[in-house]
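Take the given structure of chain A and dock chain B to it, following the hints.
As a plain string of letters, each chain reads:
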Amino acid sequence: MRPIRLWLLAGLCALPTVLAAAPASWSPSALVHALKRHTEETVRFTEEKHLQVLSSPLVLHGTLVFRPPDEVEKHVTAPYGETYRIRGDELSIERPGAGGARHVALADYPGLAALASGFRGVLGGDYLLLQRHYRMTLHGQWSRWELDLTPLAASARKFLRQIRVYGRHRDLERFELQEPGGDRTVIRIDGPGR
Amino acid sequence: MKRLSVVLLGGLVLALCAAVLWSVRIDSDLTVFLPSGGEPNQHLALHQLREGSGARIVLIAIVGAAPAKLARLSRQLADRLRRDERYLYVANGTAHLLPKTRSLLFRYRYLLDAAGAAQFRPAELHKALAARLRELASPAAGLLKQTLTADPTGAFRRVLGRWQPASHPHSRDGVWFSRDGDRALLIAYTRAGGYDLRAQQRAVNGIHQAFAALPTAGGARLELSGPPVLAVAARDVIRTEVQWISALASLLVVAMLWWVYRAPSVVVGAALPLVFAIAVAAASVAVLYGGIEAITLAFGVTLLGVVVDYPIHLFAHARDDTAAGVRRIWPTLRLGVLTTALGYLTMAASDYRGLAQLGVFAAVGLLAGAAATRWILPALVRRTPASRIGRVPQAWLDGLPRARHVPVLLGAGAALMLAAYGPGLWQADPAALSPVPRAAIEREHTLRAELGAPDVSRLLVMRAASAQGALRACEHATARLKALAAPGSRPVLDSPCRLLPSIRTQHRRQGELPGRDRLQADLAAATRGLPFRPGVFAPFLSDVPAARSLAPLQPDALRGTPLGLRLDALLVPDGERWAALFIPRTHAADLARLAGQIPGLHYINLHAETTRMMHGFRDATLVRCLWGLAAILAVLAFALRGSRRLWRVAAPVLSAVLVTAAVQVLSGQRLTLFHLTSLVLVVGLGVDYALFFNRDRTPGQRQTTQAALVLCCATTVGVFGLLALAQAPVLHAIGSTVAMGAALSLIFAAAMRQPNLSSQDHV
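Chains as they are written, first to last, in the working numbering: chain A, 1 to 194; chain B, 1 to 763.
Derived from the structure by calculation, the hints contain no laboratory data.
Any given hint could turn out to be false.
[Said to hold, decoys possible] Under the rule of at most 30 angstroms between Cα atoms (straight-line distance), these lysine-lysine pairs were calculated in the DSS-like manner:
(1) Lys145/B <-> Lys49/A
(2) Lys158/A <-> Lys49/A
(3) Lys127/B <-> Lys74/A
(4) Lys145/B <-> Lys158/A
(5) Lys36/A <-> Lys49/A
(6) Lys69/B <-> Lys127/B
(7) Lys145/B <-> Lys74/A
(8) Lys74/A <-> Lys158/A
(9) Lys69/B <-> Lys482/B
(10) Lys49/A <-> Lys127/B
(11) Lys158/A <-> Lys36/A
(12) Lys36/A <-> Lys74/A
(13) Lys145/B <-> Lys127/B
(14) Lys49/A <-> Lys74/A
(15) Lys482/B <-> Lys158/A
(16) Lys158/A <-> Lys100/B
Next up, chain A with everything else stripped away, as it sits in the complex (with noise of 0.2 angstroms):
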């Protein structure tokens, strides 16, 4: 009896996980399509980014908010304050103190555009925008997966090389991009934010 009862709870504890995502199939549009965010969500991170003109990395921390269907918005915290906002095909920069806003066509910038459509793509579950910019190569499992973005357009190449997002079932774990030129950027994602 008692092995009987202990994998049924151990099922009904992994039952709401399954419930809630477990893909169908496993394959990159499987996987973003159980991604996707209905709420807005809010999460703490930490980034790092090993720049090759600094001799030591340059760490930064903050949230990133994600609000349905496609705006991230970036908050650095420490060790100054600095929002960045993807709306629509503009990025803005605020700055406390800086008086408004800059705003930056995404349109302008390959770099950028394909970064923006990067986080959007994967935090708003939109396979097609992703399959737009991006060839997609997922290792892994459910459990415990990594999804490779490499951007599609030699524009974009120029300044982003690949976008690797790690994550366990729903939960994302960890970005890393790498540019060309040997830097590498890692934002962590450390839990749920406020």
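Positioned in the frame of chain A, the structure of chain B alone reads:
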């Protein structure tokens, strides 16, 4: 023999005129009706209107497809136009400088950057490096990384920022779009300036052709606007209307003559003096002025339409013998022609080239037409068939109540009314004369707003003897402006020295650049505490000392690039001198007040200057017309020798002119130059009518004369009545003024005819 020699002589004159006109240059310079000299500000305004970049900009919109397709079409169209010689510069999205221009600006960054030597001090360097570090952390760092190691102080970015246009249109996929995404937007600068309408037309056509040749244009459409497009459209509207109206008018005159005479010789004969008049007039202007303006030609031909009256008078009085007829009417005709020609000759002395040409054209044409009627026509058409017009007009004119006081009273009333209107009589807005449909003008406003094309109508100007002098004056004024206003309230002005400093300033900056050793020491101090890897700024350490030995950048180095175009719009030749223009990047700056505070800095409002020039032109024309009128009256007084006869001729004419002007104003029109010149024509016609009305002694002669007068008046009213139907305001003004003036002149002259003769009844 004499007859033959006259005809041969006439033929020879025509052949000569044809030879002159064969090679003549017909100009389409619309600014010819503006003064040639004038004040310096007007001169500059005129230059800007004719040559300035504002007169070259074609605004292009592609509509009627999904945004992605519009963006693709925009790229393809821009590609084609960029390869075309007819356009100086084509833009359809964020300006990506050519690598060559970009590296030029990069190389000269320390000579162009206004931050100067201060940026190399350790404290400033440290601040700049800390700022760069923060930018490196931003997701938008991609571009910064390319220049960071050679330009840690951001000098290049500041230089680029100054060259950026004041405002950006909305953009999608890197291509300019309207806010609603319905239209892809482009601009093209034509190589041809505003003065060369034909070349501008070729440029405008080239855009249509390039678009039509795109393989995938499909359902998408092109919408063009901008000064070259509007100017070409205006010319086309006038040209089309003139073509169909003159065809209809010719038909009308032929039909009337045919109805009256039923003889081909009369119809052809009536056209001869007109052809002669136009040929001689055009050739004379071409020889005198070395070319003829299209607008002079068009308007002059309209004025010469009155020459058709001369053969009509001749045929009416000719009966069987044309030569006898011509002797009968010549004294009256000669007086009429001479007075009118004199009226136009006063215009020929005008300072305005267009007006002077028009005066010469009309005066010479009238004299040539009269001469052809007097000497050539009788030699060609020897017998004139009887007129069928008969007694009908006679009865009609006699039926008019003879009310000598009515025209005078009406004229006086009209004069009072016109006086009461004062300056409100005159059309103040030159745009009201434009024949371009309102929708086209509105489209231009919309496109201009979407593209953020700057308003270049208000500006400040600083003059000097040379281009470099103008740049130095510009720098001086900029420094003074900076000292005048607090940073918040300081207007942001585009100026040539903001883009390209004078050689003197570049030399000064070079002198202040640090040497390699000092820079290296300062940089080491500035990097302390920051995580930059040692040695990464090697390119910076070699570029700064290298800039010390560069030859200063001069305007010529930028020629043919988009940057050169921007500079050319701000640093302009002004006669023998050079002018640096300051154009506000944001509207609402009290430029006039600023100009008052800095010696040498002048404020120009192009719109106000143009309006003032138009007013000057109008006043000059009015004065000329009044002089012409005085000359006409003087000649009449001399020839008629009698105040009563002079009164009978002059009073109906003046009344007709005043009443015509008053009716135009009452019907909601404002008077323009074209009304004025048309009124001179009315004076000429009216004097003719009144002279003929008062010449005859016997009822038989009177019947003949009046029949001719009615036919003359009917053709004039018919032809100009057709012109009044035109959409183009200029043509409508001429047509309605002359048609009404001619009719009133005849009616008034009839009402004031000699009492002793008209009281007799004919047999």
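30 angstroms Cα cutoff - pair Lys145/B, Lys74/A: 21 angstroms, holds
Hint consistency between Lys49/A and Lys74/A [alpha-carbon to alpha-carbon, up to 30 angstroms]: 15 angstroms, holds
Agreement of Lys145/B and Lys49/A with the hint, judged by alpha carbon distance not exceeding 30 angstroms: Measuring from Cα to Cα gives roughly 13 angstroms; hence the hint holds.
30 angstroms Cα cutoff - pair Lys127/B, Lys74/A: Roughly 25 angstroms separates the two Cα atoms, so the pair holds.
Restraint check for Lys158/A with Lys36/A, where alpha carbons must lie at most 30 angstroms apart: 29 angstroms, holds
Pairwise hint evaluation, Lys127/B against Lys145/B, where the allowed Cα distance is 30 angstroms at most: 18 angstroms, holds
Hint consistency between Lys69/B and Lys482/B [alpha-carbon to alpha-carbon, up to 30 angstroms]: 47 angstroms, violated
30 angstroms limit on alpha-carbon distance, applied to hinted pair Lys36/A and Lys74/A: Roughly 18 angstroms separates the two Cα atoms, so the pair holds.
Restraint check for Lys482/B with Lys158/A, where alpha carbons must lie at most 30 angstroms apart: 42 angstroms, violated
Proposed proximity, Lys158/A with Lys74/A (alpha carbon, max 30 angstroms): 24 angstroms, holds
Satisfaction of hint between Lys127/B and Lys69/B, Cα-Cα up to 30 angstroms: 46 angstroms, violated
Pair hint outcome, Lys49/A versus Lys127/B [Cα-Cα no greater than 30 angstroms]: 21 angstroms, holds
Comparing the model with each numbered hint stated earlier shows that hints 6, 9, 15 do not hold.
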